[in-house]
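Chemist: Residues per chain, in single letters:
There are 2 protein chains.
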Amino acid sequence: MELLKQKIIDEGTVIGDSIVKVDSFLNHQIDVRLFTEIGKEFKRRFDNKTVTKILTIEASGIAVACMTAGYFDVPVVFAKKHEALNIDNDTYQSEVYSYTKNKTYKIRVSKKYISPNDHVLILDDFLANGSAAMGLVEIVRQAGAELVGVGIVIEKGFQTGRTVLKSKNVRLESLAIIKAISQGKVEFA
Amino acid sequence: MELLKQKIIDEGTVIGDSIVKVDSFLNHQIDVRLFTEIGKEFKRRFDNKTVTKILTIEASGIAVACMTAGYFDVPVVFAKKHEALNIDNDTYQSEVYSYTKNKTYKIRVSKKYISPNDHVLILDDFLANGSAAMGLVEIVRQAGAELVGVGIVIEKGFQTGRTVLKSKNVRLESLAIIKAISQGKVEFA
Chain B
1 MELLKQKIID EGTVIGDSIV KVDSFLNHQI DVRLFTEIGK EFKRRFDNKT
51 VTKILTIEAS GIAVACMTAG YFDVPVVFAK KHEALNIDND TYQSEVYSYT
101 KNKTYKIRVS KKYISPNDHV LILDDFLANG SAAMGLVEIV RQAGAELVGV
151 GIVIEKGFQT GRTVLKSKNV RLESLAIIKA ISQGKVEFA
Chain H
1 MELLKQKIID EGTVIGDSIV KVDSFLNHQI DVRLFTEIGK EFKRRFDNKT
51 VTKILTIEAS GIAVACMTAG YFDVPVVFAK KHEALNIDND TYQSEVYSYT
101 KNKTYKIRVS KKYISPNDHV LILDDFLANG SAAMGLVEIV RQAGAELVGV
151 GIVIEKGFQT GRTVLKSKNV RLESLAIIKA ISQGKVEFA
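Those protein sequence lines, which keep their order, are chains B and H.
Numbering-wise (this note's numbering), the first sequence opens with residue 1 and increments by one.
Numbering-wise (this note's numbering), the second sequence opens with residue 1 and increments by one.
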């Protein structure tokens, strides 16, 4: 998606050889015009598929999912990362390892909101090592629902996420794939 | 907003005399069709005002803000509740007390994303004691920006949020105001 790649080039800040900060448009400030185009592009890529629910993970994933769900006309469900009083006890659960925070946390989805009849599209802002995506895939599996695929805004193609998802035969669509980060510059696949 | 009130009656679960669980459409599963109407209604209520940015707080607030921002054609900025590596050190900060979790946490917004030229509309899913809303108001004050007002999806009218905001002369627009919860039923203002 050229518009997105250009935005990453124009506004992304490279830190070291593996981090691109995109908080001016993706995960702190949200460029709603860009997100409208992101939503359309996910619809285009998964247009031949039945989707009944979009599953994501708080917090930034919620923006991606909401701006896309309108094009599919389906509800969004977001997995909770943090303990909350207002979630049912009866949940699907899986574990996600965060490399940036160096800790494992539990994610949860109430059993009410994904059923075996659902066709679930997973969306998230970033794919790096695939831990969050695989946590969501595991929740879809527990629900006995059909997994349509995983849609990602920015994939770090030099990390293992794609390999991990492909090993489970998960369809993956990334709108921008970063092949390498070197000398302060981003190189796309 | 009648559609919203009906949804609260149909799907809300009353717990005790102060909690209405609305996770089937507002803060776990998100009813994107309803949110489209919520966005339009906020636009209608603040239509006479210049808005350059919508400010909210993670996580559920992101959905409300994103689904509304399209109608104003402005970016969303969401305050971060949790420590994150990908936020600047140079932030506006304030403190929010959570009654449900019985603890105080810090919220932060990078100084890059709100400037003194901004006209900021604050949006959130719930208003109870007003602590989160006042934390966001404080961030707008620190930025030297103009506060347009606060828009809330569900206000618990029997708690102090409205009084707290009014004491600071903040314009408040709530789409549904719950006057009381008694005998397992919700009563609107």
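Just so you know, the hints here were simulated from the structure itself, not pulled from any lab data.
Watch out, some of these pointers could steer you wrong.
Straight-line alpha carbon distances no greater than 27 angstroms define the calculated DSSO-like cross-link-like pairs of lysine-lysine that follow [said to hold, decoys possible]:
no.	chain 1	residue 1	chain 2	residue 2
1	H	Lys111	B	Lys106
2	H	Lys49	H	Lys21
3	B	Lys5	H	Lys106
4	B	Lys112	H	Lys5
5	H	Lys5	B	Lys185
6	B	Lys21	H	Lys81
7	H	Lys81	H	Lys103
8	B	Lys81	H	Lys80
9	H	Lys103	B	Lys103
10	B	Lys49	B	Lys185
11	H	Lys168	H	Lys185
12	H	Lys40	B	Lys111
13	B	Lys112	H	Lys21
14	B	Lys80	H	Lys49
15	B	Lys80	H	Lys166
16	H	Lys21	B	Lys101
17	B	Lys101	H	Lys111
18	B	Lys81	H	Lys106
19	B	Lys106	B	Lys185
20	H	Lys168	B	Lys40
21	B	Lys111	H	Lys106
22	B	Lys103	H	Lys179
23	B	Lys101	H	Lys40
24	H	Lys185	B	Lys101
25	B	Lys80	H	Lys168
26	H	Lys179	H	Lys168
27	B	Lys168	B	Lys111
28	H	Lys5	B	Lys101
29	H	Lys179	H	Lys166
30	B	Lys111	B	Lys7
31	H	Lys106	H	Lys80
32	H	Lys103	H	Lys5
33	B	Lys7	H	Lys80
34	H	Lys112	B	Lys101
35	B	Lys5	B	Lys111
36	H	Lys168	B	Lys21
37	H	Lys166	B	Lys49
38	H	Lys80	B	Lys101
39	B	Lys21	H	Lys179
Chemist: Each of the hints needs a verdict: does it hold here or not?
Modeler: Evaluated hints:
no., hint, in the structure
1, H:Lys111 - B:Lys106, "violated, 31 angstroms"
2, H:Lys49 - H:Lys21, "violated, 32 angstroms"
3, B:Lys5 - H:Lys106, "violated, 33 angstroms"
4, B:Lys112 - H:Lys5, "holds, 22 angstroms"
5, H:Lys5 - B:Lys185, "violated, 51 angstroms"
6, B:Lys21 - H:Lys81, "holds, 18 angstroms"
7, H:Lys81 - H:Lys103, "holds, 12 angstroms"
8, B:Lys81 - H:Lys80, "holds, 14 angstroms"
9, H:Lys103 - B:Lys103, "holds, 22 angstroms"
10, B:Lys49 - B:Lys185, "violated, 36 angstroms"
11, H:Lys168 - H:Lys185, "violated, 32 angstroms"
12, H:Lys40 - B:Lys111, "violated, 31 angstroms"
13, B:Lys112 - H:Lys21, "holds, 13 angstroms"
14, B:Lys80 - H:Lys49, "violated, 35 angstroms"
15, B:Lys80 - H:Lys166, "violated, 33 angstroms"
16, H:Lys21 - B:Lys101, "violated, 31 angstroms"
17, B:Lys101 - H:Lys111, "holds, 23 angstroms"
18, B:Lys81 - H:Lys106, "holds, 18 angstroms"
19, B:Lys106 - B:Lys185, "violated, 34 angstroms"
20, H:Lys168 - B:Lys40, "violated, 41 angstroms"
21, B:Lys111 - H:Lys106, "violated, 31 angstroms"
22, B:Lys103 - H:Lys179, "violated, 43 angstroms"
23, B:Lys101 - H:Lys40, "violated, 38 angstroms"
24, H:Lys185 - B:Lys101, "violated, 43 angstroms"
25, B:Lys80 - H:Lys168, "violated, 33 angstroms"
26, H:Lys179 - H:Lys168, "holds, 22 angstroms"
27, B:Lys168 - B:Lys111, "holds, 23 angstroms"
28, H:Lys5 - B:Lys101, "violated, 40 angstroms"
29, H:Lys179 - H:Lys166, "holds, 17 angstroms"
30, B:Lys111 - B:Lys7, "violated, 38 angstroms"
31, H:Lys106 - H:Lys80, "holds, 8 angstroms"
32, H:Lys103 - H:Lys5, "violated, 30 angstroms"
33, B:Lys7 - H:Lys80, "holds, 23 angstroms"
34, H:Lys112 - B:Lys101, "holds, 24 angstroms"
35, B:Lys5 - B:Lys111, "violated, 37 angstroms"
36, H:Lys168 - B:Lys21, "violated, 36 angstroms"
37, H:Lys166 - B:Lys49, "violated, 49 angstroms"
38, H:Lys80 - B:Lys101, "holds, 15 angstroms"
39, B:Lys21 - H:Lys179, "violated, 44 angstroms"
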